[in-house]
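A.B. asks: Got chain A; can you put chains B, C and D on it based on the hints?
Spelled out, the chains give:
Number of protein chains: 4
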Amino acid sequence: MISGEIKTRIRYSETDQMGYVYHGNYAQFYEIARTELIRRLGFPYKVMEKQGFFMPVLELHSRFIKPAHYDELITIKTTVREMPTVRMTFNYNLFNETGELINQGHATLVFLDGKTNRPCRPPAALVEAMKPYFS
Amino acid sequence: MISGEIKTRIRYSETDQMGYVYHGNYAQFYEIARTELIRRLGFPYKVMEKQGFFMPVLELHSRFIKPAHYDELITIKTTVREMPTVRMTFNYNLFNETGELINQGHATLVFLDGKTNRPCRPPAALVEAMKPYFS
Amino acid sequence: MISGEIKTRIRYSETDQMGYVYHGNYAQFYEIARTELIRRLGFPYKVMEKQGFFMPVLELHSRFIKPAHYDELITIKTTVREMPTVRMTFNYNLFNETGELINQGHATLVFLDGKTNRPCRPPAALVEAMKPYFS
Amino acid sequence: MISGEIKTRIRYSETDQMGYVYHGNYAQFYEIARTELIRRLGFPYKVMEKQGFFMPVLELHSRFIKPAHYDELITIKTTVREMPTVRMTFNYNLFNETGELINQGHATLVFLDGKTNRPCRPPAALVEAMKPYFS
Chain A
11 MISGEIKTRI
21 RYSETDQMGY
31 VYHGNYAQFY
41 EIARTELIRR
51 LGFPYKVMEK
61 QGFFMPVLEL
71 HSRFIKPAHY
81 DELITIKTTV
91 REMPTVRMTF
101 NYNLFNETGE
111 LINQGHATLV
121 FLDGKTNRPC
131 RPPAALVEAM
141 KPYFS
Chain B
11 MISGEIKTRI
21 RYSETDQMGY
31 VYHGNYAQFY
41 EIARTELIRR
51 LGFPYKVMEK
61 QGFFMPVLEL
71 HSRFIKPAHY
81 DELITIKTTV
91 REMPTVRMTF
101 NYNLFNETGE
111 LINQGHATLV
121 FLDGKTNRPC
131 RPPAALVEAM
141 KPYFS
Chain C
11 MISGEIKTRI
21 RYSETDQMGY
31 VYHGNYAQFY
41 EIARTELIRR
51 LGFPYKVMEK
61 QGFFMPVLEL
71 HSRFIKPAHY
81 DELITIKTTV
91 REMPTVRMTF
101 NYNLFNETGE
111 LINQGHATLV
121 FLDGKTNRPC
131 RPPAALVEAM
141 KPYFS
Chain D
11 MISGEIKTRI
21 RYSETDQMGY
31 VYHGNYAQFY
41 EIARTELIRR
51 LGFPYKVMEK
61 QGFFMPVLEL
71 HSRFIKPAHY
81 DELITIKTTV
91 REMPTVRMTF
101 NYNLFNETGE
111 LINQGHATLV
121 FLDGKTNRPC
131 RPPAALVEAM
141 KPYFS
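Chains as they are written, first to last, in our numbering: chain A, 11 to 145; chain B, 11 to 145; chain C, 11 to 145; chain D, 11 to 145.
The set of hints was computed from the structure by calculation and includes no laboratory data.
A pair holds if it fits inside one copy or across any two, identical chains being indistinguishable in the list.
Here are the simulated EDC-like pairs of lysine to aspartate or glutamate, each with C-alpha atoms no more than 16 Å apart in a straight line:
#1 K60 - D81
#2 K56 - D81
#3 K56 - E82
#4 K17 - E41
#5 K56 - E107
So here's chain A without its partners, still in its complex pose (with noise of 0.2 Å):
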């Protein structure tokens, strides 16, 4: 198992009139969250683009618990639980100021071959480097 954790503040344009977050910004809290997680483990995905190597999201799920707020620093709480084969899925946890579960989901991407267009393995060295934590 892979975790890791971040913090974002909510801008204002995250929110909507209902007062809170719009739900559809998720998706972006949920980005950041895993583009922090691959950096640490050396692979920024930057680099794993110029290596060829693109991951599109195939599946997505939100459950939203509780509403965030304008200017909260919200805590991001990401965890891998299963070496990736030709998918990856992240999964989230989402905390308030006080430490409230406010939202729960995961993502499933899957690697993609620039040249060809088509799945494939992930790099060999992405999977190096989360061997570790899965032994």
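C.D. replies: Structure of chains B, C and D alone, referenced to chain A:
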């Protein structure tokens, strides 16, 4: 069962550097689709909010089957399969210009009483308008 | 002079907690308006990109006169006052459903040659299509 | 004069298919930069809204000098050159990781009294906090 469809043209702002629509933007497509479905029932969501009802999203699920591209005219087909209780679920199928299914999803919303901020029954007039479709 | 207008309905996602459209979203309204203006000239911007031209924005200016609200059907009137050189400027006037001017702005874009990534003359066919409006 | 700077990392969602940040997203960068500047003066904008003041944007201007890319850590330098009256203007200079100026802009906001929805003087406490910087 209630069904309806609308079309939306993909904006440049909705793409990302992978060259197609950012996955987080489908939540907006679902939103505009259910807005139109409810409008056709005779109860614009705007009116519902003025009467003190709010409908935050409780759960959101998406499967991304094929990419959508800039300037494509996407068809969003929305279906409500059950009479709403405290919750209401919208099912979505999105098609590209050649008729291919590109995305499937659903969103479950809850009716909230704006005064108490607690879940409530849907507006009576909405229930009446929906009944003929479920008898 | 070339003019055209389109309408766009305000999405819930486009509002913020002040209860009206987030100011940053007007750039998208300008974008969809110029996309349609160029399409009507016979050169969808999508085709231009396929031919190797890109049009990044160099300058953007907006004056926010009155707020726009959720579900309003906004009219965007776009005007091009001069034949494009290396640059092309679009002027915008936005009106709400009662015909009030709510926003004014302009965007200046540059033609880029996708191979050299340097400014270039506009596509000859675009220049030809525009000439009748400026003679 | 009051100055401050913050950094923001470019999200994948903020890019478009041209391969760099969509121009409409700079308004959000300006927003988070002025939010932090005001916070450091001791008056989080959130508190201002709770006290009944709102600050909608009246005017926005941007010059796009160089593109910003996914995952870059952008520095936003914000400067307020004059004591606010009914209006307050924020000036922005954005720099990429190698220190190049990539974007310049300004935003003028108006103080609104939430009860009357009319322009008003800025909160007295904000004026007091700013005075030392302009004497």
